[in-house]
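Visitor: Sequence:
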Amino acid sequence: MNPLKSDEYPAIYAPYIDTVKGEALAVLEEQITSFPEFLADIPADKSEYAYAEGKWTVKEIVGHIIDTERIMAYRALRFARNDTKELIGFEPEDFVANARFNERSLESFADEFVLVRKSNLVLFQQFNDHELARKGLASERLISVSAFMYIIAGHLNHHRNIIRERYL
119 MNPLKSDEYP AIYAPYIDTV KGEALAVLEE QITSFPEFLA DIPADKSEYA YAEGKWTVKE
179 IVGHIIDTER IMAYRALRFA RNDTKELIGF EPEDFVANAR FNERSLESFA DEFVLVRKSN
239 LVLFQQFNDH ELARKGLASE RLISVSAFMY IIAGHLNHHR NIIRERYL
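In this note's numbering, each residue carries its 1-based index in the sequence shown increased by 118.
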């Protein structure tokens, strides 16, 4: 069961948040090991595979996961520091289209993921309850700092499930 209240995040994020079982920080910590292990098990011939025309490759999905984590952590930092300016959205399709993810190895993504995640864990661990409860507007939606931890963990879970079901 998830300790977030429904007024801490918009419904659009519920499918991600619902995949997080237990405390978000514990899940984020567990993923530091489990996600690179998952990537290491993906056969090389599948890393640039897309299951349908116009769908991302495995490498593009992994790059998207990392980019999204950076964006969500930045949003959490802004709100935790009581920055009340509304944050605009981002277009994942544009990020992927301009990132050259398929030129990289899955191992390089695993290394980058660990560094990004460790940095974000340090950030989230230093927030107190008051800071975690702060809210702000991102993409025209009210969201709490705490919810970003669940979104980051759940977003990874969501895409890992898609990779398992449609790519492998």
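These are calculated hints, taken from the structure and not from any lab test.
All C-beta atoms in this analysis are idealised placements derived from N, C-alpha and C, irrespective of residue type, glycine included.
One or more hints might be untrue.
Quick list of the computed label-pair ranges, beta carbon to beta carbon [unchecked claim]:
#1 Phe208 x Glu283: 24 to 32 angstroms
#2 Leu286 x Glu204: 24 to 32 angstroms
#3 Gly172 x Lys123: 23 to 31 angstroms
With a straight-line cut-off of 20 angstroms between C-alpha atoms, the simulated SDA-like cross-links for lysine to any residue are [claimed, not checked]:
#4 Lys203 x Lys139
#5 Lys123 x Arg222
#6 Lys139 x Pro128
#7 Lys123 x Phe245
Visitor: None of the hints should be skipped; say for each whether it holds.
Guide: Quick rundown of the hints versus the structure:
1. Phe208 x Glu283: 24 to 32 angstroms: For Glu283 against Phe208, whose Cβ atoms are near 26 angstroms apart, the range 24 to 32 angstroms holds.
2. Leu286 x Glu204: 24 to 32 angstroms: violated, 39 angstroms
3. Gly172 x Lys123: 23 to 31 angstroms: violated, 37 angstroms
4. Lys203 x Lys139: Status violated; Cα separation ~31 angstroms.
5. Lys123 x Arg222: Status violated; Cα separation ~39 angstroms.
6. Lys139 x Pro128: Holds. Lys139 to Pro128 sits at ~19 angstroms (cutoff 20 angstroms).
7. Lys123 x Phe245: Holds, because 18 angstroms separates the two Cα atoms, which is no more than 20 angstroms.
The earlier numbered hints that this structure contradicts are 2, 3, 4 and 5.
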